[in-house]
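Residue numbers (the numbering used here), protein chains in the order written: chain A, 58 to 346; chain B, 157 to 385; chain C, 2 to 312.
Just so you know, the hints here were simulated from the structure itself, not pulled from any lab data. Treat the hints with care, as some may be off.
Claimed, not checked - Derived pair list, reagent style BS3-like, types lysine-lysine, alpha-carbon separation capped at 27 Å:
| id | chain 1 | residue 1 | chain 2 | residue 2 |
| --- | --- | --- | --- | --- |
| 1 | C | K177 | B | K256 |
| 2 | C | K177 | B | K286 |
| 3 | B | K266 | C | K177 |
| 4 | A | K183 | A | K115 |
| 5 | B | K256 | C | K3 |
| 6 | B | K298 | B | K266 |
| 7 | B | K274 | C | K177 |
| 8 | B | K274 | C | K3 |
| 9 | B | K321 | B | K274 |
| 10 | C | K108 | A | K150 |
| 11 | C | K108 | A | K92 |
| 12 | A | K148 | B | K256 |
| 13 | B | K273 | A | K150 |
| 14 | C | K205 | A | K339 |
| 15 | A | K339 | C | K108 |
| 16 | A | K150 | B | K274 |
| 17 | B | K256 | C | K205 |
| 18 | C | K205 | C | K177 |
| 19 | C | K177 | B | K273 |
| 20 | B | K342 | B | K204 |
| 21 | C | K3 | B | K298 |
| 22 | C | K108 | A | K148 |
| 23 | B | K286 | A | K150 |
| 24 | C | K177 | B | K298 |
| 25 | A | K150 | C | K3 |
Each chain is listed here by its residues.
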Amino acid sequence: MSLSYIIESIISGLLLGGIYALLSVGFGLTWGTMKVLNISHAVFAVLGAFVAYWMFVKAGIDPLISLPLLATLLFLVGAVVYRLVIRPVQKAKDVIMASMVATFGVAIVVENAMSFFWRPDPRILKPPYAGSSIFIGDMAISQGPLIGFIMAVSAITLLYLFLHHTYIGKGVQATWQNPMGAALVGINPGRVSLITFALSIASAGLAGVAMAMIYAFYPSVQSVWTMFVFLVTIVGGVGSVIGTGLAGLLIGFIIGLCAAFLPFVWVNVLLFALLLAILLFKPEGLFGA
Amino acid sequence: MRALTNLDFVVGQGQIVGLIGPNGSGKTTLFNAITGFYPADSGRIIYKGKEITRCRPYEIARLGIARTFQIVRPLLGLSVLDNVTTAVLYGREAIGSMGKGRGRALELLKFVRLDDKKDVPAQRLVAAEKKRLELARALALKPEFLLLDEVFSGLNDTEIQDAIKLIFRIRDELGVTIFLIEHVMKAVMGTCEKIFVIQYGVKLAEGKPEEVSRDPAVIEAYLGKKRAC
Amino acid sequence: MKTRKYILVLLAMFVLFAFPIVKPPLFFLTLCFSVFMFVGLTESWNLLGGYTGYVSLGHIAFFSTGAYTTAVCMNRLGLSPFVTAPLGGIFSAILAALVGYPVLRLKGAYFTISSLLLAVVMQLIFMNWDFVGSSTGLWYKLLPVSIEMNRLLFYEAMLILATITTLVVRYVERSKFGAGLVAIREDEDVAKTMGINTPWLKMKAFILGAFLAGTVGGIYGYYMSYVHPEVTFSMNTSLLILLMSFFGGCRTWSGPLIGAVVLSLANQLIVTFIGAEISRILYGLLLVIVIMFMPDGVIQYAREAFAREKG
Numbered sequence: 058m059s060l061s062y063i064i065e066s067i068i069s070g071l072l073l074g075g076i077y078a079l080l081s082v083g084f085g086l087t088w089g090t091m092k093v094l095n096i097s098h099a100v101f102a103v104l105g106a107f108v109a110y111w112m113f114v115k116a117g118i119d120p121l122i123s124l125p126l127l128a129t130l131l132f133l134v135g136a137v138v139y140r141l142v143i144r145p146v147q148k149a150k151d152v153i154m155a156s157m158v159a160t161f162g163v164a165i166v167v168e169n170a171m172s173f174f175w176r177p178d179p180r181i182l183k184p185p186y187a188g189s190s191i192f193i194g195d196m197a198i199s200q201g202p203l204i205g206f207i208m209a210v211s212a213i214t215l216l217y218l219f220l221h222h223t224y225i226g227k228g229v230q231a232t233w234q235n236p237m238g239a240a241l242v243g244i245n246p247g248r249v250s251l252i253t254f255a256l257s258i259a260s261a262g263l264a265g266v267a268m269a270m271i272y273a274f275y276p277s278v279q280s281v282w283t284m285f286v287f288l289v290t291i292v293g294g295v296g297s298v299i300g301t302g303l304a305g306l307l308i309g310f311i312i313g314l315c316a317a318f319l320p321f322v323w324v325n326v327l328l329f330a331l332l333l334a335i336l337l338f339k340p341e342g343l344f345g346a
Numbered sequence: 157m158r159a160l161t162n163l164d165f166v167v168g169q170g171q172i173v174g175l176i177g178p179n180g181s182g183k184t185t186l187f188n189a190i191t192g193f194y195p196a197d198s199g200r201i202i203y204k205g206k207e208i209t210r211c212r213p214y215e216i217a218r219l220g221i222a223r224t225f226q227i228v229r230p231l232l233g234l235s236v237l238d239n240v241t242t243a244v245l246y247g248r249e250a251i252g253s254m255g256k257g258r259g260r261a262l263e264l265l266k267f268v269r270l271d272d273k274k275d276v277p278a279q280r281l282v283a284a285e286k287k288r289l290e291l292a293r294a295l296a297l298k299p300e301f302l303l304l305d306e307v308f309s310g311l312n313d314t315e316i317q318d319a320i321k322l323i324f325r326i327r328d329e330l331g332v333t334i335f336l337i338e339h340v341m342k343a344v345m346g347t348c349e350k351i352f353v354i355q356y357g358v359k360l361a362e363g364k365p366e367e368v369s370r371d372p373a374v375i376e377a378y379l380g381k382k383r384a385c
Numbered sequence: 002m003k004t005r006k007y008i009l010v011l012l013a014m015f016v017l018f019a020f021p022i023v024k025p026p027l028f029f030l031t032l033c034f035s036v037f038m039f040v041g042l043t044e045s046w047n048l049l050g051g052y053t054g055y056v057s058l059g060h061i062a063f064f065s066t067g068a069y070t071t072a073v074c075m076n077r078l079g080l081s082p083f084v085t086a087p088l089g090g091i092f093s094a095i096l097a098a099l100v101g102y103p104v105l106r107l108k109g110a111y112f113t114i115s116s117l118l119l120a121v122v123m124q125l126i127f128m129n130w131d132f133v134g135s136s137t138g139l140w141y142k143l144l145p146v147s148i149e150m151n152r153l154l155f156y157e158a159m160l161i162l163a164t165i166t167t168l169v170v171r172y173v174e175r176s177k178f179g180a181g182l183v184a185i186r187e188d189e190d191v192a193k194t195m196g197i198n199t200p201w202l203k204m205k206a207f208i209l210g211a212f213l214a215g216t217v218g219g220i221y222g223y224y225m226s227y228v229h230p231e232v233t234f235s236m237n238t239s240l241l242i243l244l245m246s247f248f249g250g251c252r253t254w255s256g257p258l259i260g261a262v263v264l265s266l267a268n269q270l271i272v273t274f275i276g277a278e279i280s281r282i283l284y285g286l287l288l289v290i291v292i293m294f295m296p297d298g299v300i301q302y303a304r305e306a307f308a309r310e311k312g
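In isolation and in its complexed conformation, chain A is listed as follows (with noise of 0.2 Å):
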């Protein structure tokens, strides 16, 4: 085995974790700022992908060309979700269990509506662009995966700037900082929690396309992808955007080193332990804020 082989798959790693990383960030988002465990996270991913794959197939919209649309449609529909499921959910004793349980509910209406209307056939997004590879010496690097990553890169980028230089977004931390303290200087909690959940909704569905140029999708992979939710979150701790990021690659690097020598199956065991042992050991994350 080559080392060049070892660094295609160590690279390959690196860029998926990237787009993991823009997969989870929202979702720690919503956890940190809301107390809100929204587990039907993942499936608003599959949904932009689905966007994404039917734009391109139907009306030959590149899905580069159709971001700005899928972001701004996905954020209408976490708008929506938030204001019917998320908001009357807030007011219960227990927030994150009932939002567990709630976005439990809508993980399955929507899943089993794009399974209804659209069949549960694996799909796969495969612009003109992803299927060939860049060289760098004997090693080839995916231009699928390569484009995700750059997405990923700058949507999480653009969140970050988002959160740390405009007004809304210190809003949103003052919020999660300091509720009441954030209230009481006029903050909107309502609108900060709505803002996030849209943004988070929309950071999933971009994730999507992304994953979708790499991998096949379909309805139920969401619960896959689930995992690698709860995996990147925890690892890079609630509700930090560089944790997450950085959480992204430390799991993409993991996996594309263990993929060069171990079969698969293994390396889902092993990034599962490696949860477990942080939640064991260091719940607060790897690199919390």
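Chains B and C: place on chain A using the hints.
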């Protein structure tokens, strides 16, 4: 950062001892250390001749050390009676049956004069009643050593007098040694035979209430220096 | 009057036990079987979930351990499922003891995610372990009795299990053990200061729940005559358990019972007459609506509504 440094306290059996000091001086931290919630990095905590520094909270409870919390923490979802009954069942009186447990709980509620509210959900009690519930729950353990964390806060004058009487009854009738954290000076002066003062996690003074209240270091800690320069 | 209540209950039980005598269509027997199974699962789950407040999404792992124990023991050792089911319960209990030690130290959502992890990892392992049939699954050998006898036996067996589980949980609720669990749920630190050995109590609840679920699984597996990692370890079932308990109200013994009966009946009916996907969509919607209006469960809501009527 150290919360508590080189503390050296002795509380004798049957005494009522007070612990005072400005906010943030580490009083509750000390209670948490004694009851096993915070592990001590160094030093020893000795109870009745045996070291309890490494014991876990429930083991310390089983040894007979009970405590109340600064912000009262009743089991909100349960009724007053159920709160105390659970405490009795797991207390040191080895009562296993629910019926006998309830009976004993009722006695304790009578002792703190909360028996008329026995079926009220704990969350509907007013502050003073919650404190008495917390006390009943602590006594249900059948403790020999009781740690009270600011039980007098928020009470009016009549309630303070009643509480002082209750404290003495606990010591005299139940034979419990009491160590209390307090800000309400009236209560401290009225109950304690000895007082420790701590500030910034360090012992500042120790002695009888009258002596301590005249100690200049203590006065300075509470009131600040008299002059700026 | 109390005696009247007891008579009604006994009557209902008699009807349930005697039901197969009227030779109902298979559909009804299977329906009831499924309801009894969920009663057993939700009640056993509720020991740790509702009373103690530690919500597990991995209960399915114990259920599956029981199902697989029966499959393997029947096929390889020729043991009767009535022996292998309790054996499955014991294996589940051992699994709970091993896993519980690290996992019960976690709180809230972290515990829930770890429990989910348990089920997912077990599924992965079973998918790749030839001894238990890996991705092909295992077919059960059938007992040498007629098909009707089979169905009758297992209907009664599952009914007995559902009854036993419910009675056990009801007993715990009224005991010192139950009081301790509730204290842990309300305020775990305070529970410790009351002298409650919290790690040990949580373990007991976890192990007991696992044993009951494993036994239920042991009987279920045989009835379905087939186990497969994707079907038996379905995350869907784990969440269904949670939701049924939540729906009915997880603070009493009657809550999971009601939730299991209502929701599994509804589920079976919708699946049979309308279709699997639509049923799941409706089911999901139902759950969202329930949580929105009754975030603390049906029983709690009914109690409060009743109290408001009286007062």
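TODO: Find the hints from earlier in the document that the structure breaks and name them by number, from lowest to highest.
DONE: Numbers 12, 20, 21 and 25, in rising order.
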